[in-house]
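> In order, the protein sequence lines correspond to chains A and B.
Numbering-wise (my numbering), the first sequence opens with residue 1 and increments by one.
Numbering-wise (my numbering), the second sequence opens with residue 1 and increments by one.
No lab work stands behind these hints: they were computed from the structure.
Predicted, not measured: the structure shown is a model, and the values here were computed from it.
Treat each hint with caution, since some may be false.
A few chain B residues facing chain A, derived, Cβ under 8 angstroms [claimed, not checked]:
no.	residue
1	N45
2	L253
3	V312
Glycine residues also receive a C-beta, built at the ideal position from the N, C-alpha and C atoms.
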Amino acid sequence: MEVLRGDRIEVNSRDRASWAIGRISHRAFGLLGTAVLFLVVLATRAQPSTAPEHDVKAGFLVKFTQYVAWPSNTFTASRAPVVIGVLGEDPVLKRIELEAAGVTGSRPVVVCRVGTVEEASRCHLVFISQAESGNEAEWFGALKGKPILTVGESDRTMEHGAVMRFVIKNKTVRFEANLAASSDNRLELSERMLAVAAKVYRRPPGDSSP
Amino acid sequence: MKPERLQSGRGGVADGWRSWSAVVAACGELVSSATGAEDPPLFANLSFEQLSRIEITTASKRAEALAETPAAVHVLTGEEIRRLGATTLPDALRYVPGVDVAMINSSQWAVAARGFNGQYANQLLVMMDGRSIYNPAFGGVIWGAQDTFFEDIDRIEIVRGPGGALWGANAVNGVINILTKSAKETQGTVVAAGGGSFYEALAAVRHGFKISENTFGRVYAKYDQFGEAPLATGGDTPDAWNRLQGGFRMDSLPGDASTFTLQGDVHRVDQRFNYPFPSFTPPYSSTEIYDVTDTGANLLGRWTRHLSSDSVVTVQAYYDFYEQEGPVLHQRLHTLDFDVQHNAEVGERHAIAWGAGYRATWDTILPSRVMRVPGREQANDQLVGVFAQDEMALVLEKVFFTLGTKVEHNDYTGWEFQPSGRLSWHPTERQTVWGAVSRAVATPNHLSSGVVYDLSVMPPGALVQVRGGADRVEELLAYEVGHRIQPVERVSVDVAVFYNDYDHLLVAEEPGALIPGAPPVVPVYWVNSVSGHTCGAELALGWQPMDAWRLQGSYTWLEMNVDGASVGRGDEGSSPRHKFGIRSTVDLGRHWEWDTGLRYVSELEVGEVRVPAYVELDLRLAWKPSAHWEVAVVGQNLLEGAHFEYPRGTNPVTSEVPRSVYGRVSWRF
Numbered sequence: 001m002e003v004l005r006g007d008r009i010e011v012n013s014r015d016r017a018s019w020a021i022g023r024i025s026h027r028a029f030g031l032l033g034t035a036v037l038f039l040v041v042l043a044t045r046a047q048p049s050t051a052p053e054h055d056v057k058a059g060f061l062v063k064f065t066q067y068v069a070w071p072s073n074t075f076t077a078s079r080a081p082v083v084i085g086v087l088g089e090d091p092v093l094k095r096i097e098l099e100a101a102g103v104t105g106s107r108p109v110v111v112c113r114v115g116t117v118e119e120a121s122r123c124h125l126v127f128i129s130q131a132e133s134g135n136e137a138e139w140f141g142a143l144k145g146k147p148i149l150t151v152g153e154s155d156r157t158m159e160h161g162a163v164m165r166f167v168i169k170n171k172t173v174r175f176e177a178n179l180a181a182s183s184d185n186r187l188e189l190s191e192r193m194l195a196v197a198a199k200v201y202r203r204p205p206g207d208s209s210p
Numbered sequence: 001m002k003p004e005r006l007q008s009g010r011g012g013v014a015d016g017w018r019s020w021s022a023v024v025a026a027c028g029e030l031v032s033s034a035t036g037a038e039d040p041p042l043f044a045n046l047s048f049e050q051l052s053r054i055e056i057t058t059a060s061k062r063a064e065a066l067a068e069t070p071a072a073v074h075v076l077t078g079e080e081i082r083r084l085g086a087t088t089l090p091d092a093l094r095y096v097p098g099v100d101v102a103m104i105n106s107s108q109w110a111v112a113a114r115g116f117n118g119q120y121a122n123q124l125l126v127m128m129d130g131r132s133i134y135n136p137a138f139g140g141v142i143w144g145a146q147d148t149f150f151e152d153i154d155r156i157e158i159v160r161g162p163g164g165a166l167w168g169a170n171a172v173n174g175v176i177n178i179l180t181k182s183a184k185e186t187q188g189t190v191v192a193a194g195g196g197s198f199y200e201a202l203a204a205v206r207h208g209f210k211i212s213e214n215t216f217g218r219v220y221a222k223y224d225q226f227g228e229a230p231l232a233t234g235g236d237t238p239d240a241w242n243r244l245q246g247g248f249r250m251d252s253l254p255g256d257a258s259t260f261t262l263q264g265d266v267h268r269v270d271q272r273f274n275y276p277f278p279s280f281t282p283p284y285s286s287t288e289i290y291d292v293t294d295t296g297a298n299l300l301g302r303w304t305r306h307l308s309s310d311s312v313v314t315v316q317a318y319y320d321f322y323e324q325e326g327p328v329l330h331q332r333l334h335t336l337d338f339d340v341q342h343n344a345e346v347g348e349r350h351a352i353a354w355g356a357g358y359r360a361t362w363d364t365i366l367p368s369r370v371m372r373v374p375g376r377e378q379a380n381d382q383l384v385g386v387f388a389q390d391e392m393a394l395v396l397e398k399v400f401f402t403l404g405t406k407v408e409h410n411d412y413t414g415w416e417f418q419p420s421g422r423l424s425w426h427p428t429e430r431q432t433v434w435g436a437v438s439r440a441v442a443t444p445n446h447l448s449s450g451v452v453y454d455l456s457v458m459p460p461g462a463l464v465q466v467r468g469g470a471d472r473v474e475e476l477l478a479y480e481v482g483h484r485i486q487p488v489e490r491v492s493v494d495v496a497v498f499y500n501d502y503d504h505l506l507v508a509e510e511p512g513a514l515i516p517g518a519p520p521v522v523p524v525y526w527v528n529s530v531s532g533h534t535c536g537a538e539l540a541l542g543w544q545p546m547d548a549w550r551l552q553g554s555y556t557w558l559e560m561n562v563d564g565a566s567v568g569r570g571d572e573g574s575s576p577r578h579k580f581g582i583r584s585t586v587d588l589g590r591h592w593e594w595d596t597g598l599r600y601v602s603e604l605e606v607g608e609v610r611v612p613a614y615v616e617l618d619l620r621l622a623w624k625p626s627a628h629w630e631v632a633v634v635g636q637n638l639l640e641g642a643h644f645e646y647p648r649g650t651n652p653v654t655s656e657v658p659r660s661v662y663g664r665v666s667w668r669f
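So that you can see chain B by itself, here it is in the shape it has in the complex (with noise of 0.2 angstroms):
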């Protein structure tokens, strides 16, 4: 690509030394500037399709596209997460409307969108830069491994209801995006420690670096180790554990309007649990202490690139690796991912988005002291799927109508169609009106299809198992409105109503007739057998009263009409009917941050388990004597010294979440 018009210098040929001396010098300039010694390019000198391709960095366009998005979206920036003091990714999540935050134990969360909040929520799809971290045996997110440079996260945007049209299977209820910012916005080494009550320590460093003048890299290691969740009985769970988890991330911006990544990281989880093991003999449960060990590696590799000023392809490859060792689950994974996506605009009208992925998936569950799945040790499942969308222009710039649907072929049910249509409609300027139908569903699984778990001993000596038998798809059928409107400059409000039509939805049932043998067992079938309905409404405010003062609250309701229990999976009772929260940030002058967080879960009811409601507060007080160092104070659930949040599946041991306090300082150079 050849700039239209030379900074400096005469093009062309000169006579004579002198000439050829300043075309010389001039030569020189140009080279220094392009290998980056002096003055950046000048952008006036690139012709009209270079300037046109040029992507841009800064946050706040984003935020107005957002605006216009006809789904429930929530963005998290960098900024906001760091001011949140969150110490986990799940607890970045607790103010996020119309998503489900409870801790179970010290390094095990339920999480969830819209309802049906477990162990092993199934229906959210979570991905880290685009590589799902969704666990496809069992179908849910292992949280406790799931961790990054939190400095280095650019944004984590929360889309609430499905997701099936453009990224497939098992997006039910929501999609979450964690994304972390290119290597070439991470320059400069930052290091981190700290420690606290709970939060006992912690120590990250990391390093960006300049590799070519259009090629940047990062590398980080981390390092947490938390405390033990105190039981509800006295006394402490002995589930204290840590992580240890280090990458890197390569970003390549060549000079002709394409980028490639290159990122990767490897991490080690030790947890121990204590687990009530049935045994035959009285009293027919062994609770014991045991360790678990995750290990986990990944590497992706992505490549963009604008073919012209109004479309853009991108390619995607991943491969990841994950393996769990414990006396429960036995497992180890092999992912490979890959991914083409091409966007462009078509004429004055439409906006088009279409492509093609292909999942390969080698999963061993092997034999552990309560669980295994007999004659399928080994899936090797594969997932081939392509998604098209239209963004229609009914009324220019008014009026859109979207449609898209996404075809994928999976090895339990075959071919599964997801599609969508969604309507937005701006009648002014900051105001959306929204509305969407989807269908959306969730698959069967390596567990689901064929697990055989011991749950418990009924005396004298019958073993209560759950044994799975999915064998078709969980169906949504959502319907939603939406309302987004920033009335005054400072204010935006933003509202979401939902209603979901469920069918075939995965439950534990009632425990069928004994099987004689030795020994005896209660068959517990995990089935797609129940059909319900859940409806809600999320409402999302901002307000910034002063430039250094910003209040965002969140309120959702929703209500479950579902029957059955199911197993790592509530039923009507484990999501909250209300949910509310209060954050608010105030920079008191340059060099100090005090940020405060309010909120309110109101009562569960998981199985024959009652979790009461519960306030609480969450404060950080930062420090900020230079730009290179901050010093901070975080204190969590500071209202009572503990509560209890969410049981473990059917552990009738509870543990609760403490009150407790972490100092972190941060130096940056």
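Extracted from the complex, chain A is given alone in its bound form (with noise of 0.2 angstroms):
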């Protein structure tokens, strides 16, 4: 039997950006050419179309800290850390720990990983993951009332009376708020972020009037 020769496809096209910083001396045009500079250098940065879940959620749980105010007296100086801590050995942890060493603004974020209530009651956010959401209903109910932004990610995390929660949809990261509970913890959420929330829940859930 004879056997002929498939065709190789190659692809050849390459497509890279290059930009040149030119030398500018002048300062009128160094201000315009800073401006100029800024506005064609973040038009390139690429935003990435696809991530692991992890890293998405953990850009988002920093987000949680900057769109949220706890009460007044939570905070003892101007610059005293929000503390992140999350329940278990998680990959979010490692990637929170980036995220929030690029943090700049008033207040540094910084993570830690918790291992008993007691320990969860010093944080400022408390984020239990599916695979020890076994710990929630415990944990949640123990933090409600206190000052903390709790954020599950189990079909029951509501029910057990956190702030926030993770869904996927579509095969991309949501998350969910509640209302009732935030106030029970004397948390208030911007309304910048609750616009992009996939639901609020005004009532607390298991209620099952629509």
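Put the two chains together into one complex, using the hints given.
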């Protein structure tokens, strides 16, 4: 039997943006050039279209700390850090560390692993992942009423009293917020953030009225 | 899309050279990170909208979403396929509940879901990355010509039951979707080679590379050579064959929440068969050996865009060319297909999907030694369709009602309507109860509507001839219920029960009255004349006693109540009444894998041919000394020297499936 060689198909196109940063000596040109340069660089700054789930969640968790107002006596100093506590060993934790390091703004963000409810009660945001969701009822129950942003991602997270919950829709990470729980915990959630939420519960969930 | 906050540097203008150089340094950092030279961008610096549009790549959540689907779904992950040691796509489907896989000879299979198995089982829609690989000429899949680079298969999704509401005509009893990984996930080079007693030789190579910051590509080539299937009467069927295939895939992920994919393959398959050609001299049939060549090529482009956090649009177009040259079938087929689909969440309670499609096929069936389509050698057919589906939350998070339909116009029967209603209920976490009622149709095609096929010669000289006369759709009204539960952490149970009511099934009738002529002809009309019903149940169990050991069991029961045999597609006894399978995968330490499969298929009666029940065992042992190397030894069908699975049409020669072993080495770098 004869065998003919099939065609090899190769993709040859290359598409790499290249930017030259010119020398600018004159201040006026310097100002204009800077502005143009920033605009140009911002435009080429690639936004990733796909990423691992825990990276995206870590991004959300750090962002949450910037769009939530804690009660006025929560922080002891103007530069006191916002503490994120993660239950268990979770890949999210490593990523939050990376994200937190890049935060610029009034408060730095730090993350730590918590092992007991006691430790968690000293955090400002507590995240319990799907893998640890067996502990949700106990932990979120114990943390209720404390000025802590509680976040989970199981089906029953909201029933356990958490303030926010991650859900996956259409292969993207979205979140839900519970205003009853946030006001129990004396937290104020920014409208800017709530506008992008997949769902906002205004009543406690488990209340089956539509 | 501008990020809300800058990673480093200060927004705005700075006075003085020191500030200026700091700004330049910051830009440099931004540029180099944009071109991928340093750390990945921080997600906290994106806006909430941007974050909500990033598509996640972990498989676990997909499994959860599937657990809530109101349909009988089974997913074979790429990892499971690798550990099956499957050498062909039908092989990979052997342990899936509800799917019958029978090897006819070395290069031909009968694959069907929920009954009516046969070499040209026409009620199963099979797709590769969204491209239909169903041959519209005779309605079926030529499995020998369908292949891909196995390592790059992301998963195979099998839905048993009618998929007409979403996928259109011919998805009557199931839909199989073979999906490959994106080029971004298959970077680097993989080289594999091996051979054995039946799977005589294999060689495959794939090279994945980065084209630019957001664009990735891969190319592959593979060669497979298979030996001869043994004959029941002794000796071997002269059906050794080989295939050569190559292809590419390019995925572009530009920064505006859209993705673009371009992929294509070319293949050439050289096969050999023996066939009893009708003859007018005693013994009235002459078995001859002949060669067949299949060639094919396809190109597919798909563009997906997230319009907002709740809405996605997908546009797809593909071209497919297929040619078979042989004394039984001589076909040249061109297909051009366009599809648009929009998925959106509307309010709190509605998830809507709708779309439109157009397909044009140019099919030429040239007269062969035994087959021709008089008056219609060339069929230029067009298929236009729209579909819409709404998943409504009757009780939020608990009860969903999905109503959908596809409406299509085909050139044979005009407008066809395939509605489906599904109800799903989640009584507790990790449990889904679902039910569905659907209508699906299988349309006439180029061959079934007009073929004249010389089957045999009745002594002393009348030609028995199949004459295709399909002129309406085969209809199915299906009633299904299912229950899926994860009672404890490491156990999953999935049950589906169905009752299928068929009308106007295409069957070959009893031979009609002799038509005088030279030669005189005894016609066997192939027409839509039979009704009947089937019912069955499929059970799938999963148990993971330890992290390193996973067990999957499945049991399928099927009762068929249909009269009349059909050319190339069997009748009541064509699918087994009981099918049972167990798969065990064990990780021995970090370097060894031991995978076992045991299966039982009960007896078949295909026309006059009886196929006895059989039990078979598959084993795979793999050694992975490092992340780069894998050496595997695979034994298939180990319990018997050879066993019979399915007859070939009316060919009295019965080939069997042999006991075989092969080895495979792969190197990844």
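> Does each hint fit the structure? Answer for all of them.
Each hint, compared with the structure:
{"no.": "1", "hint": "N45", "verdict": "7 angstroms, holds"}
{"no.": "2", "hint": "L253", "verdict": "4 angstroms, holds"}
{"no.": "3", "hint": "V312", "verdict": "6 angstroms, holds"}
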